[in-house]
Each structure stands twice: as structure tokens, then as C-alpha cells.
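**Q** Put chain D on the given structure of chain Z with help from the hints.
Those sequence lines, one after another, are chains Z and D.
Note that numbering that gives the first Met the number 0 has the first sequence beginning at 0, numbered continuously upward.
Note that numbering that gives the first Met the number 0 has the second sequence beginning at 0, numbered continuously upward.
Since the hints were derived computationally from the structure, they do not count as laboratory data.
Among these hints, one or two may not hold up.
[As the list claims (entries may be wrong)] Taking lysine-lysine and the BS3-like style, the derived pairs with C-alpha atoms no more than 27 angstroms apart in a straight line are:
| id | chain 1 | residue 1 | chain 2 | residue 2 |
| --- | --- | --- | --- | --- |
| 1 | Z | Lys26 | D | Lys301 |
| 2 | Z | Lys94 | D | Lys18 |
| 3 | D | Lys272 | Z | Lys33 |
| 4 | D | Lys308 | Z | Lys161 |
| 5 | Z | Lys65 | D | Lys271 |
| 6 | D | Lys308 | Z | Lys94 |
| 7 | D | Lys223 | Z | Lys33 |
| 8 | Z | Lys95 | D | Lys18 |
| 9 | Z | Lys142 | D | Lys18 |
| 10 | D | Lys223 | Z | Lys62 |
| 11 | D | Lys328 | Z | Lys33 |
| 12 | Z | Lys161 | D | Lys223 |
| 13 | Z | Lys33 | D | Lys271 |
| 14 | Z | Lys94 | D | Lys272 |
| 15 | Z | Lys142 | D | Lys335 |
| 16 | Z | Lys95 | D | Lys271 |
| 17 | D | Lys301 | Z | Lys161 |
| 18 | Z | Lys95 | D | Lys223 |
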Amino acid sequence: MIKPVEYIKNPPPAKITLESWTEQFEKVPDEEIKRYTYYHNNDWGRYLFPPVLFMVYGARELKRLKLDNSFAALRMWGFVFNETERLFRAGQSDKKVIATMGDLGIIPIIIQSFPNCVPFYPECIWWTPFFRESTELLDFATKLGIPEAACFSRACLSAFHKRAYFPRPEMVIASTGASCDDYSCIMQQVEDLGYEPLWIEIPLRRELQKYLSADKYENAGYPVRFEDYLISEYKTVWNKMTALTGINNLNRLKDSIIKANRLRGLVEEIKNIAGQAEIQPLPALEMMTIEFGNLYGYADMDEWISIVEMLLDLVRERAAKKVGVLDRDAVPVAWVTPSADPYLLNLVENLGGRVVATEYVINQALVPVEENIDPFRALARAFMKSSLNGSTSERVKRIAGMAGSGQIKGVIITNMLGASHCAMETRLIEKELQSVPVLVIDVPAPFGITEQIRTRIEAFMETIR
Amino acid sequence: MTELLTPRERFNLLVIDEKPDRCNVLPLITSHSATVTGITMREYYTDGVALARSQIAAIEEYGHDAISIFTEVGIIAEAMGSEFEYPEDDLPILKTPALDRVEVDKLAVPDPARDGRLRVYLDAIRYAYDALADRYPIFAYIPAPFTTAMMLSNPDRFLADTIRNPDRVKSVMEISLEATIRFVRDIINTGGLPLIVDPLASSSVISPRMFRGLALPYEQALIKYLHRFDFDVILHICGDTTPILDLLPDTGADLISLDKVELINAMGKLSKKMRIIGNYDTSAIMTNKPDEISHRVKEMVKLGMTTEKGYIASTGCEVPIRTPRENLKAFIGAAKEVGWYWE
Chain Z
0 MIKPVEYIKN
10 PPPAKITLES
20 WTEQFEKVPD
30 EEIKRYTYYH
40 NNDWGRYLFP
50 PVLFMVYGAR
60 ELKRLKLDNS
70 FAALRMWGFV
80 FNETERLFRA
90 GQSDKKVIAT
100 MGDLGIIPII
110 IQSFPNCVPF
120 YPECIWWTPF
130 FRESTELLDF
140 ATKLGIPEAA
150 CFSRACLSAF
160 HKRAYFPRPE
170 MVIASTGASC
180 DDYSCIMQQV
190 EDLGYEPLWI
200 EIPLRRELQK
210 YLSADKYENA
220 GYPVRFEDYL
230 ISEYKTVWNK
240 MTALTGINNL
250 NRLKDSIIKA
260 NRLRGLVEEI
270 KNIAGQAEIQ
280 PLPALEMMTI
290 EFGNLYGYAD
300 MDEWISIVEM
310 LLDLVRERAA
320 KKVGVLDRDA
330 VPVAWVTPSA
340 DPYLLNLVEN
350 LGGRVVATEY
360 VINQALVPVE
370 ENIDPFRALA
380 RAFMKSSLNG
390 STSERVKRIA
400 GMAGSGQIKG
410 VIITNMLGAS
420 HCAMETRLIE
430 KELQSVPVLV
440 IDVPAPFGIT
450 EQIRTRIEAF
460 METIR
Chain D
0 MTELLTPRER
10 FNLLVIDEKP
20 DRCNVLPLIT
30 SHSATVTGIT
40 MREYYTDGVA
50 LARSQIAAIE
60 EYGHDAISIF
70 TEVGIIAEAM
80 GSEFEYPEDD
90 LPILKTPALD
100 RVEVDKLAVP
110 DPARDGRLRV
120 YLDAIRYAYD
130 ALADRYPIFA
140 YIPAPFTTAM
150 MLSNPDRFLA
160 DTIRNPDRVK
170 SVMEISLEAT
180 IRFVRDIINT
190 GGLPLIVDPL
200 ASSSVISPRM
210 FRGLALPYEQ
220 ALIKYLHRFD
230 FDVILHICGD
240 TTPILDLLPD
250 TGADLISLDK
260 VELINAMGKL
270 SKKMRIIGNY
280 DTSAIMTNKP
290 DEISHRVKEM
300 VKLGMTTEKG
310 YIASTGCEVP
320 IRTPRENLKA
330 FIGAAKEVGW
340 YWE
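Chain D on its own, in the form it takes in the complex:
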């Protein structure tokens, strides 16, 4: 089949409840794109232009349907004072959470133009937007307030404080939300469509009760902010979210990116309420052979396309950095082969 639409046209149709020519194909190709241009990971996460160029090179190499601006989930926490290590060939690693050094009332909302590496994001969005936003959506992955709060804290203390010192936790969450909204405002003004990621709100990390009480209200607040502008909001939660599937529509997100859940179960609960993104096993895309990937992706896409509100063929989480290129090509080729809505 000949592709009639640009990825921009395809995505814009999806979000107004129209079936595009074929389903959007968007494996979460983030830092893997650095391997396409051959730059170091450190260059990738410290130089916005290098990041954007890698993303564009990846699009040229694989032909997927969107730019993904993302480094790691600590980016807002870092700008608020958390310290990271910066390996040459891997992503930043949290070293000292800000709240190990200062009290919560000393945390300030960062200035995206000045603090941490927020500027890297904005530079990357600006470059990618100018280069190809007429033809491609530019997604900017933003850590949700709960994930940022955890990256500001010693996780054990933070979780213990939910019981021992809930006021402190609330203060951390509130300033995390404020910082996220401040950053999001600059992101949209630069041309990025925020894609909210809340990996630490996964049921692999916290209980459904904690999700409902702590993560969910701040996801809702952030999504409400974006909905005032009428943005279509994508929410990604890594890992197993089976125990909270029923709660996901309550976030308000328009599209939900799922990881380790049975797609058919998720569709049963969500497909009338949300557009579904997912969810090829992220480990498998690195380790499986291309033929196997192709076979499984076709099955996944055929199933996903029956969702009522629309579907994006994707991986469950980020494509691992060292995933073989032929594996990604197998994924994208298979999804494009069977993903046609139009005759």
C-alpha cells in the first residue's frame, strides 16, 4: 500500500476520532537513536541539537511516525537540585536526591531556560520542530509529579513518609507539580506535545492504593492543565499496570501507553474510553529474532486495531539502547504491513 498521509496528518486524524490510512507506528525510540548517529550517550543527553539530530536520523533510518524527545525521568528533579552521575555511555544515574541535602521548603520551581538540563529538552524540541513539525508530531516525554517527587527523595523515606509525614509528602508533590507545569508551558510554547511518563507509579513499584491516593491526583492535575488548552494527552506508565487498569481513565488521559499488561485485557477495560498505545515486550525487541518480532507484531497490531477509540502500535517501554536495528525494522515493517484502515 502507498502511504498517503504524513505522520502529522495521521496523528491529527487519530485524535479527532477519525481512522487514518493506517495505524500510527511508534515504538518508543528514545536514547536508542543516539546509536543511529553514533554519538555518545553523554552527548545525547547534554546537547539538545545532537539529541534532535539523532531523532531525525532515526526517523530516516526506520520510518516510524513521531519524534520522541526524552533523556531520562530525573530531568526535572535534577533541575530542582538532585545530583546525578553522567556516564559516557549510559543515561544519567541518580546519585544524591535533593531532599537528602535540603528541606522541602527550600526546593524551588526551576527555570527551564537556566536550570539543569531542561534547556537540552527545549533546544531539542526547537530543532526538531523547525526541521519537520509540519510532517511529524514532536512528543516531549515529561516525568509526572509523582516520579519527579521520587527522584527528589530517598525512595524508602518518601514511601515511609506517606504514612509518617503525609504533609511533607504533599509539599513535595505540590512543588513537583508546579515545576512540571512550569516546564510543560515552555515545552508547548516551543512546539512539543507533552507525553507524560510516570514509571514510578507503576504497580511494579507502588500499590494501587498508593497510586490512587498519591500519583493519580497529580496526574489528573497535570492533565487538567493540558486539557484547558485542548491538548490530547498521552500517559505512559511502565511495568505492570494490570491492578490499576480501571483507574487509568480517571487520569483524564486521552491516550494510554501500556507496558506489561495483556493487551486484550486492557482493551476490554479501556478501549471505549481511551486510545491505546502498545505494547510489544521491550526486552523481546532486543533479544528476539526479526522473523519472530515480525510475526508477533502483526498479531499485536491486528488485535490493537480493533480498539474502538484508536490504536498506536508501539513497544511497551523505551526501546533498549543497544537493540539491533534489524529488529526495529522488523517491528515497523510488520506494523505497517498489517496496520491499514483504508482499503
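Isolated chain Z, as found in the complex:
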């Protein structure tokens, strides 16, 4: 006979409603709720709470999302949705909260090298309007001078202004250059609010060999001087952090890289197992949330790694038992560019799809960082693998390969209104993926998914099945 706690931790896999999660949560023993904390704080640091909590506090989309029913997923969602409070608690407990903007995955490794420093990405607030089904943050950004035609990441400008989503950061590090140019504009507006960002420039990864034969390549696919330039930028960040904290210990940076690699390895394994499992072991929304955790560990890297370890155990177990959350015959697809609206991922699965590969423009946060070379060079090399700042063909090469080998039957591209890389690149990606059917979804503003979008997805699934 299964003991109650074991049942709660390992129910038969399913995607369940918020109400079902409330019912299931009531069976979770108190000691389990007390066991998990962030920043090791037993007073305000608990986070093992069900979706209904966050729904009542405004995350309206949770009413219609279906989430994985595992204990590990409960832990993950409680932790992720708790991030706003966590950032404020960090400030209240004298941690230094550092905003890292635009580079998506490398600068936090430097910040995490310094004790009591918590990096976060303000642009990740772009999920909030969708989870809240609210245009408040987007409309407010318009009032601040960022027009409606700009990317959803403009929500972060409002968040800086309102000071209700994260505390005033001790430092803002803003990456520009080969970054999203809409977002560069937004970062400039943040500067106008009285912040003094430390600007760093990230170079475009381009193959200049045929034009500039004097450049050294060393098989990197881009001139080595790009790396050298990035290293100098990262050292500027390091020096600023040293000035802020009084700490200058490169061994800590090496340890931070090892920790980041630990997380990246876990996530890679989850993705591999999930991609090859007979039945999808975790829903696409949970998978995306896991993947995005690589950026900065949702503001508590140690706890996030522990959560991902639990998720890996779950995925292993489900894959081994050949059980999962979708039908066995769900149609394998790849997803390019993050969905922005989480509901889209639910919807595609509801209509028979299975997301087995992703290209969410955060590849630089997924790849291992070299551990046996100078740590700054290792970080620079990892960043130069960024999928966002290279050519379109490089970006979709892996997806195209999967299409060619029949591993996927279609590709879904989410196209963000106003996101310049989407506007420029989506059609190019379609061209690169001519061997496989492609569905482009223009993601509407929050709570804007219409019956027409649903019908298009439904028709696409019927076509590729």
C-alpha cells in the first residue's frame, strides 16, 4: 500500500487544474511545507505553496492553466511564483540585489561569486502581464514613453518605476550591442529614471574570416578579439562588484562557474530524457520554466538547483516507467522563441502537440562553461555561443537537423509584437526550415488568445499528425 506522503510525491502523472491542486495540497504534511525554504530562512522563506495562493494574489491565468501534479512541480511553481517576495526579502535581509539586463545568462555567474549578492533579470517581468492577464504594466510603460509597438519586455520599465515587483537594485548592469534593440531602448529609459547602469557591450558573433583574414579564429567561428573584448567588459563588472562588496576572490568565480555547470548539466539531462521518452514526462510549460531557471536560478541558485535535482529524479522515474502527462501519440514539435503567454504551451499540448525541442534564445545559459581555463575567457566563450546574436541559420541549425531526421513533425514559432529580433528573423527562420511545416503565432497582448489562434493550432496539428 502506498503511504500518503509517497502518493503526494508520486501521483500518477497528469496535468491538473488549480482546484485539483488545492485539494491535493491539503494532503501535504506540515513538515513537508516547513522543509523547503529560500535563503535558509524559516520565518518568511517558505515557498511550498499551491497555485491558488498566487491566483488569489493576482495571477489570473492560473485559473485556466493546467499544471503538472507532481510534488516536484508544486515545489517548482511555489518557488518561481514567490520570486517577487524573495527579491524584497533579499533586500530586507541586507543582501545586495543586482539587476542584470540584456545578456541572459552570463553576468549572474559573476554576481553569484560575491557573497550575499542576488542577481535577477528585470526583463523576466515580461511573464507577469500574461500570468496576471493584465495590461497594467504594458500600458504604464506606454505612459512612460515606450510605445505599444515595443516588445512586451517594456513591462520591466514600469516595474522599475513602480518599485512593486523588485526592490531598488544596488547596481544595474545593462548589456547592449548585439542585444535586443527594443530592450536597449528600454534600458536607456531605466537610466532616465535615475539609475546609473553599468553599460557593457556584447559583440555580434559574425563570420568575418573571408573579409578580414588577419583575424585569429582558433576554430571558434568568430574572431578571438571578440572574446578579448568581452573579457574586458566582464572584468569591468568584476571590478565594480569588488568595489561594492570589498571582495576580490577569483576562486569564487570558478566555484560559481562550477555551480552554474551543475545546474546546466541537470537541465540538459532533463531535456534529453524528456525528448527521448516514449511519453512526455513533464508538460512544456514546466519544461520551459526549468530551462529559464538557468538564467539566474530565480534569485536563489542553491535552492533552485535542489529543486531541479528533484525534477530530474521525477523525469527519470516517469521515463523509466514509461508514463507521462500527454498521450503516447502526441505529435512532436519544436518551439522557437519563448511563448510569452504561458497558456500557449498548454494550448498546443491540449490540441495534441508535444514539445520535444526548443530554441528560446537563451542558449548561452544552457551550454557548459569551460572550467579549466581563465574564468573570464570561459564566460566569454559561453556567451559567444548565444543563439540570439548569431546568424539565423546558426540559430536554427539544431532544429533544422531534427526536422531532417524526422524527430519533429513541425515547428511552432512565437512571434512577439514589437520584438525586433522576431520581426526581422521569424520569416528568415521559416525559410531555413523549409523541410518541415512551420506555424507562426503572433502572440497577442495578455488574455488575447482568440478562437482563431486556437483554430490555427488545431489545424496545424491535424496537418502534421
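**A** Just chain D, lined up with the frame of chain Z:
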């Protein structure tokens, strides 16, 4: 000052120990909102959508910081069998308590989807939540088990039984708690944040000893249930609670809504332990002139904002149904004028 935050953002900051742009301003505007839409009271307390629309209209009229879903404190008892009269222009009035007709062992936990007018609450929460929960907290006022138990009983017999037949009283309290938790589960699943009201546990009604022995344990149990989910719990007790101020932190409530107590005394005892809500005199808000209201509210808010754990400017109890609109506008305008934390 320009308001930067939505009421939702403002409240969410308060409950994580952050000072919002200004204090939350939340006079307990409940059934008064029916006068804003011009519907009858009977429509208000029998039609959840009408109730929610009235609340939304009141927000548009006055600009306060939350939706308040509430009809009257007998709502759970009614669903368990107590009979009420339903006046056209006033709130329901208890006619026959359920325990006058059946024994306690015949009481059943009501189904909120089916029994009494619990559905009215859920309909109202659902409508209000869909309309504006991204920008406003949706408070659902829930009678605490002690108040429900009293509404199930002849009050005199119930109080006498606390001495003569404590087992019976315990049985009534237990099933009242069970019914409340059942209802609360549906309320949170619908999007409402429970605000526990225990008017009959007031020191104007029962002694501190009885509060400690009978009301408090069930308030604690209900709050414990909500705390497992990490909800921030508001407790409102009407009337004079001066004799039990020291006991209020023991309830576990995170925010305490006070009525007829000296605010400065309450702050002295509570402000390090609980966030304080209150407490403009409810009669005065109906009878005073706007200028006087404005003056007194400003004094109250300036004092309240010095509380350590946070403060919500409010009335001591429900705003009377026929309160003049200009009085409420004076309250809210004054509180907003002086209630700024941010420069």
C-alpha cells in the same frame, strides 16, 4: 501626488513588509455599494453578479483600494438550516435558528454550490475577479465559526450551554468550523481572499474568558488552515475589543481590523505583531459633516501610519447603508491626501 501603484500592487507590498506608495485606503464599503447602483438590498444579497457590479461601481465612485464581497454574517448558518427573513430594503434577519428545529447531530456541512446563498458569494467573487483582480484585491468576508455557531442557535441557550452542556457547544463549534473551511476552500479557488469576521466574539457581546475558551481556538484553527496556503489573514471583530487586545495576536491573524478601541492603545499592544486596520467611527461616518470627517481621518491616518508592521485606513465596521456619498468621499480623499509613504 500621483498614484503609481494599483491597489493590488499596494496590498501585495504591504503583506511582504514593504511600504507601498501610500497606505491602503479601505473603508468597509459593503452593502452600501447597492446604493451606488440603485438596486434593492434584496437584489444585492441574492444576486452575486448584482453584488459584484455594485462593488465595482462603488470603486469607480469612491476610488478605494479593494472589493468587499459581503452580505451578512448569517450566510453559512443559513446554508446549514437557519431561517431568515429577507426584507426588500435591508439585510436578511435571523428568524429561526437551525438548532431550534434540529439537533446538532443533524447539521450537515453545506455544499457552497447548492446550499443557501453561498453561491451568491461565489458568483460575486467570480465576476469581480474576472473584472479586475489584476488591479484590485478581492476580499470575501467570512463569518468565523463562533459567529456562525451563534447564528445556528438561540444565543441565550448557546451561551447557557457553554456551562450546562459544553459537549453540545463543542459539537456546534466543530461543525461550524468544518462548514467554514469547506466554504473558504471554494472562496479561494474562486479568487477571493478570506477576511474573517467574528462580530459576535466582540467584548461587547462575550467576556474575554469566553473569547479565550470558545471563539479564539476556532479562529486559530481557521487561520491555521489559511496559513498552510500562506494566505495573509485579516480578522475583523466588531465593537469593543479593548479587553482582548492582548489575545488578538494569539489568533494568528496577520492583519487586525479594529472597531471601537482607542487606536493609540491598540497600536501600543499590537503594532509590532500585526498590521492594523481601522478605525474611524462607523456612526460618525454617517452623521458627521464632510469637513469634520476629513479632519479626523487625517489625524487618524497620520497616527496609523506610524505602526511598525503597516496600516490600512478604514472604518471601524461596515459603512452604514445610507451613508451620504460625500462623507465617504471626504474619508477617502483625506486618507489619500496624508497617507503617503513615498516622497
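**Q** Indicate, hint by hint, whether the structure satisfies it.
**A** Consistency of the hints with the structure:
Proposed proximity of Lys26 of chain Z and Lys301 of chain D is contradicted: the alpha carbons are some 45 angstroms apart, above 27 angstroms. This hinted pair checks out: Lys94 of chain Z and Lys18 of chain D have alpha carbons roughly 18 angstroms apart, not beyond 27 angstroms. A hinted pair counts as satisfied when its Cα atoms are at most 27 angstroms apart, and Lys272 of chain D with Lys33 of chain Z qualifies at roughly 21 angstroms. Taking the CA atoms of Lys308 of chain D and Lys161 of chain Z, the gap is near 21 angstroms; set against the 27 angstroms cutoff, the hint holds.
Of the pairs offered as hints, the one joining Lys65 of chain Z and Lys271 of chain D is violated, with about 40 angstroms between alpha carbons and a cut-off of 27 angstroms exceeded. With a CA separation close to 21 angstroms, the supplied pair Lys308 of chain D and Lys94 of chain Z stays within the 27 angstroms bound. Under the criterion of a C-alpha separation no larger than 27 angstroms, the hint pairing Lys223 of chain D with Lys33 of chain Z is consistent with the structure, at around 14 angstroms. Between Lys95 of chain Z and Lys18 of chain D the CA atoms are separated by roughly 19 angstroms; this keeps the pair inside 27 angstroms, and the hint holds.
Proximity of Lys142 of chain Z to Lys18 of chain D is assessed by CA-CA distance (about 24 angstroms); at most 27 angstroms being required, the pair is judged to hold. For the hint linking Lys223 of chain D to Lys62 of chain Z, the alpha-carbon distance of about 24 angstroms falls within 27 angstroms, and the restraint holds. The hinted pair formed by Lys328 of chain D and Lys33 of chain Z fails the criterion: a straight-line CA distance of about 45 angstroms is larger than 27 angstroms. The suggested pairing of Lys161 of chain Z with Lys223 of chain D is violated, with an alpha-carbon distance near 33 angstroms, which exceeds 27 angstroms.
Proximity of Lys33 of chain Z to Lys271 of chain D is assessed by CA-CA distance (about 24 angstroms); at most 27 angstroms being required, the pair is judged to hold. The straight-line distance between the Cα atoms of Lys94 of chain Z and Lys272 of chain D is roughly 24 angstroms, inside the 27 angstroms bound, and the hint therefore holds. Of the pairs offered as hints, the one joining Lys142 of chain Z and Lys335 of chain D holds, with about 22 angstroms between alpha carbons and a cut-off of 27 angstroms not exceeded. Between Lys95 of chain Z and Lys271 of chain D the CA atoms are separated by roughly 26 angstroms; this keeps the pair inside 27 angstroms, and the hint holds.
For the hint pairing Lys301 of chain D with Lys161 of chain Z, the CA-to-CA distance comes to about 23 angstroms; that is within 27 angstroms, so the pair holds. Using a Cα cut-off of 27 angstroms, the hinted pair Lys95 of chain Z and Lys223 of chain D is violated, with the two alpha carbons roughly 33 angstroms apart.
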